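4 protein chains.
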Amino acid sequence: MSFNTFGRLFRFSTWGESHGPAIGAIVDGCPPGLAIDEALIQPFLDKRRPGTSKFTTQRREPDAVRILSGVFEGKTTGTPISLMIENTDQRSKDYSDVAKAYRPGHADYAYDAKYGFRDYRGGGRSSARETASRVAAGAVARVVIPEVTITAWVSAIGGDAIDPEKFDPREIDNNPFFCPDPETAKRWEKIVDDARRDGSSVGAVVECEATGVPAGWGAPLYAKLDSELAAAMMSINAVKGVEIGDGFAAASLRGEQNADPMRPGNGEGPRFLANHAGGIAGGIATGQPVRLRVAFKPTSSILIPVDTVTREGEASEIITKGRHDPCVGIRGVPVVEAMMALVLADQKLLHRAQCG
Amino acid sequence: MSFNTFGRLFRFSTWGESHGPAIGAIVDGCPPGLAIDEALIQPFLDKRRPGTSKFTTQRREPDAVRILSGVFEGKTTGTPISLMIENTDQRSKDYSDVAKAYRPGHADYAYDAKYGFRDYRGGGRSSARETASRVAAGAVARVVIPEVTITAWVSAIGGDAIDPEKFDPREIDNNPFFCPDPETAKRWEKIVDDARRDGSSVGAVVECEATGVPAGWGAPLYAKLDSELAAAMMSINAVKGVEIGDGFAAASLRGEQNADPMRPGNGEGPRFLANHAGGIAGGIATGQPVRLRVAFKPTSSILIPVDTVTREGEASEIITKGRHDPCVGIRGVPVVEAMMALVLADQKLLHRAQCG
Amino acid sequence: MSFNTFGRLFRFSTWGESHGPAIGAIVDGCPPGLAIDEALIQPFLDKRRPGTSKFTTQRREPDAVRILSGVFEGKTTGTPISLMIENTDQRSKDYSDVAKAYRPGHADYAYDAKYGFRDYRGGGRSSARETASRVAAGAVARVVIPEVTITAWVSAIGGDAIDPEKFDPREIDNNPFFCPDPETAKRWEKIVDDARRDGSSVGAVVECEATGVPAGWGAPLYAKLDSELAAAMMSINAVKGVEIGDGFAAASLRGEQNADPMRPGNGEGPRFLANHAGGIAGGIATGQPVRLRVAFKPTSSILIPVDTVTREGEASEIITKGRHDPCVGIRGVPVVEAMMALVLADQKLLHRAQCG
Amino acid sequence: MSFNTFGRLFRFSTWGESHGPAIGAIVDGCPPGLAIDEALIQPFLDKRRPGTSKFTTQRREPDAVRILSGVFEGKTTGTPISLMIENTDQRSKDYSDVAKAYRPGHADYAYDAKYGFRDYRGGGRSSARETASRVAAGAVARVVIPEVTITAWVSAIGGDAIDPEKFDPREIDNNPFFCPDPETAKRWEKIVDDARRDGSSVGAVVECEATGVPAGWGAPLYAKLDSELAAAMMSINAVKGVEIGDGFAAASLRGEQNADPMRPGNGEGPRFLANHAGGIAGGIATGQPVRLRVAFKPTSSILIPVDTVTREGEASEIITKGRHDPCVGIRGVPVVEAMMALVLADQKLLHRAQCG
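Residue numbers (our numbering), protein chains in the order written: chain C, 20 to 375; chain F, 20 to 375; chain X, 20 to 375; chain E, 20 to 375.
FYI, nobody ran anything at the bench for these hints, they're computed from the structure. Errors might be hidden in some of the hints.
Remember, identical chains collapse to one label, so a pair may be satisfied in a single copy or spanning two.
[To be verified] Computed cross-link-like contacts, DSBU-like style, restricted to lysine-lysine with a CA-CA straight-line distance of at most 30 angstroms: (1) 209 x 94; (2) 73 x 205; (3) 185 x 205; (4) 94 x 119; (5) 119 x 66; (6) 340 x 205; (7) 73 x 94; (8) 94 x 205; (9) 112 x 205; (10) 119 x 209; (11) 112 x 340.
Only a predicted model underlies this, so the values are computations on that prediction, with no experimental measurement involved.
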């Protein structure tokens, strides 16, 4: 069953396919009176925009967002905010290969199994183009949570991870990989370029940190902040793993190693001596930075032939021509940030609702 | 905001605290006419029951489930199924330490920050005792999906992982660790026992596989089967990471390594030559086994003193007396299975709803 | 599809059948720190309790409520509140007639058409006994909205309506009909008693007013306060009509007659010169009393034989023996009040969430 | 809290204001493979379109709908269907009166009380223009339920009701009032024209019948079909009352009068000898026609001055210039039909989900 809405109070719904006339999102539940205009949203879309370096897809679109409702005289009215981005660079290419046979790693076979047919043009609804709508909605979410600062970066590409010691947040926007370490960025150039030239692709890990999240946001169990974030991140195309705080590494620790000891703080709340928990205990924010890691698989669209079957069930092989990201995780950075913002905006309203 | 309900159509809601008179669950949306009674649910609770070996908590409770509604003459009526488990072994111990200071790694501080106070007896709502309700609900879910077989096991404890080559599913129930390899189980005995004797605890990784999931269950994007499963698993106490299929390992692969090639099958659907995707592509089941991994942090309740602060913000240290699991991941096995069953039962109804 | 949960943030779920061991409700999303105990809930259940006069069913049950979770040291913790009421007076009567043939006006045929079979003992899930759970949940809701005062009464029985001129709220609890006019109450005695003696039943209209609802609660369109209230009231057994403010009478008015003119007020907000709108404009409360009317059909269980068919489709006729309310609308009064409280508690949290 | 989505599985969300660039709807959860194009939706919008007679608003807009997503090669794909209608006839009139003072009967004061300010141009989000989005979504819903036929009509204007004996469904589309009796239509001409010439307005009652609804759709209690329909109808602008079947008239009946006796049927299900219940028993469809009545208040925008206050709280009076419907209930007919279709499409999927 199709559910294209995310969130409980601060909600957004996205629509649109890669090769339709446009894509978009509706943001519902936004508090009234917040200053929002297109100029505020556009920079986030620009960050995600394709065609900005040879390390991303060569599709070139301005991804210009229009606000169609919910804003009056520059302020949110509290009613649904409709955001639309026109598709302008859809090549009228030949999709007959993709229409006939299933691309392994893609949603092709699964869509056919579910729906009986599929829009095969550029992946249709399963195209990563959908994430532009999330980024637009996420820009609105950020306005709802001015107390929070969100930063994401790529921490590994093709298994080559950054050295945490060399982490410098000021470097993130200085290279085409959102890499916080210029030396690693250099190595990644070669990794990604090699993959691109081989007609292949590579996976990546994206990390995200939100500082300023007040202690108390979140909830126990089924609405655990960990759970909401995991659902949000895992809903992004190509994501196959999520860790909160130490994640899988915590499974190797002993209790006393994993505890985040507390000392009296200067202001509100205690001072924590560690943050293995990623800023969340019992599903509720502790006031520490909320930290998570997200695994992006390598782009499934590659020029290397892979064994497959046709819709009729006959053996075949397929290569996926087109303008693809050799590493879809790179452009995942603004998307992960957007999903973090969208979850936290929702959590802010939810906490205020129950606890005043 | 408190949300103690999980699922979209096949839904369950849990209630109850560690030290209240009882805990329970309501299962709503269950198809009518299914044969269910207490005897069918009890074995799953017995598998999770505390006190069965020295490697789990020494709390001893029968965890006998009662069906209070929704079943008539042995069959589900389609109305809410109320399941109740009485708490019988609540020691009237002294909780004044826990009431006064926050246990690091526990939800104590976060609860106080959110709600202004907390039920400190045995963790209250944040106690892993809540998972008994999930296991009971999960037993009902299994009846909804007879086509699916679900198996979970522990694949690592304290960083010591099983050798996948030695995986033998018949061994899982032959040792107190749900370990599919008897040799590894031997090693774990020592690891867990050492931790227990040190007053410490260890983390664990649980893996789960569901076979028989028909191609087509699931949905794109915000209701991606990956996303629903991640939310479900991450909602379990102590869980901090979830991987679908290869998960984070996929982030180190190249596209052609990560593809799951297809060959003509014998019956319905193609035959896949690999399952890096964990049986899910584009959020939709492919017909392959659905596979995931879950990281459990070490139990936070330990006898080793940890730095903390009191409710008044003064420096203190705390040890957590009581009868705790030295490795909470072990008893997580039936809980992970239950959550898998609950998600898949929901997905079956959702798919039927949209696609007939 | 079974949905036994009502509300968006302040939510409750009910379970249980007329002839099972118990019925109950879970209240989720309640703000923390509110003083609640059984003694606070019981009076509302007592008001609804059967067997208090010859004008209601002769089933006699204490309807004693137990709080099983969510309250610690007399205060709500913010986690789910489980409320349970045991069924104690289930007569082991012969239900073979009802099992074999459908009672017209009852849910019998519809349940069989939907589910393939049904729990025929005392109506099973469709019994008005379910409303006790609502009343218990409603008592909790009232604590969430101390600023609001809710009063309901019967305004017509069997077509005999009260004279609005003689409305005296102090009289409502002085007669077995919740009638605000003692003279009308006298007439109703005869109407209800005649129906009872004839083995028949009569319908009723219940009115409800909530004062103190702050201007601003509610929302436009799909979450119109009118819409939420209509859904709530129409979900009560035997209800077939809902009016907000003037309701159908407004359809006969001209625009200038239906306007509620405003004059400067003394304190917050304007003073309204009329309340045709029932305190709601554009779906949002105006600060005036919220007023609505609810139509209860006559009890379907009657001793007068009615034409029907058997499960096998053969012509038959049926009478419904048992201990039935001759006018189910009377005991609907505390239920309507409870649903009003439940909707308004939800609205309070929703408004706070979006507008701070 | 803003909730602009309706439905549980077959869901739609609307966005847009009277004086923004466009309005629209997203339909999510639609089954795949259904034939849909703009030409199929347009006739329903044309039926609702303003400016078609002197009895409706003189605003003239083509209300041309565009499908932006979710349809591929003429068939629904199972992904979100985005529908957009551009606003083309927004007069740049002077709204300073409305900006300064509150129009009684309108949402003006309530919006300000809730949100702190409002989009005052043409009513903004509270404009009945929003209903065009519902009608477009409703056209999609009809395709989901080909087994059902939905017909609505006006049954009373300004208190002048049709004679049920003279009901002729073929007449409904032969007059500008959707009146099933030409003689009554004549009388209404004068009533509406008088109101219009006086600068006033009149209320109306709309009735709707859905035939072909299979026995079994719907659910008990909180998802009672009566409740879903009541919520849907009450969510329409200007609606203040809903009756299912006999509605308030049932409150005047005795049990034996209100029963719908059954006789053996020819095909599936019994033959009912009456339909007081409006085709719904216990919240579940019985297979009889589903019938309901909806009360529309008179249009609040009138040229007759009404007492009011300014935003600053000073006494004032206001008249509402503009191009208004003298009887908003008339154009409510296609909207009521759309909401009926939207609820029933949702119910079809819900029933299929639970009961297969």
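- request: Give the relationship of residue 209 and residue 94 under a CA distance limit of 30 angstroms: within one copy only, between copies only, both, or neither.
  value: neither (46 angstroms within a copy, 45 angstroms between copies)
- request: Could you place residue 73 and residue 205 in one of the four classes (within, between, both, neither) given a Cα distance threshold of 30 angstroms?
  value: within (14 angstroms within a copy, 53 angstroms between copies)
message: One pair to classify: residue 185 and residue 205, alpha carbons no more than 30 angstroms apart. Within, between, both, or neither?
response: within (14 angstroms within a copy, 41 angstroms between copies)
message: When Cα atoms must be at most 30 angstroms apart, do residue 340 and residue 205 count as within-copy, between-copy, both, or neither?
response: within (27 angstroms within a copy, 52 angstroms between copies)
message: One pair to classify: residue 119 and residue 209, alpha carbons no more than 30 angstroms apart. Within, between, both, or neither?
response: Neither. Shortest intra-copy (35 angstroms) and inter-copy (56 angstroms) distances fail the 30 angstroms Cα cut-off.
query: When no copy is specified for residue 119 and residue 66, does a C-alpha distance of 30 angstroms or less occur within a copy, between copies, both, or neither?
result: neither (35 angstroms within a copy, 42 angstroms between copies)
query: For residue 112 vs residue 205, is the C-alpha pair at or below 30 angstroms within one copy, between two copies, both, or neither?
result: neither (34 angstroms within a copy, 60 angstroms between copies)
task: Could you figure out if residue 112 and residue 340 sit no more than 30 angstroms apart (CA to CA) within one copy, between two copies, both or neither?
output: This pair counts as within: shortest intra-copy Cα distance 10 angstroms, inter-copy 54 angstroms.
query: Using 30 angstroms as the alpha-carbon threshold, which applies to residue 94 and residue 205: within, between, both, or neither?
result: Cα proximity of residue 94 and residue 205: none, with 43 angstroms in one copy and 48 angstroms across.
message: If the cut is 30 angstroms between Cα atoms, do residue 73 and residue 94 qualify within a copy, between copies, both or neither?
response: Close neither inside one copy (38 angstroms) nor across copies (37 angstroms); limit 30 angstroms.
- request: At 30 angstroms max between alpha carbons, let me know whether residue 94 reaches residue 119 within a copy, between copies, both or neither.
  value: between (49 angstroms within a copy, 18 angstroms between copies)
Hint violations for this structure: numbers 1, 5, 7, 8, 9 and 10, all remaining hints satisfied.
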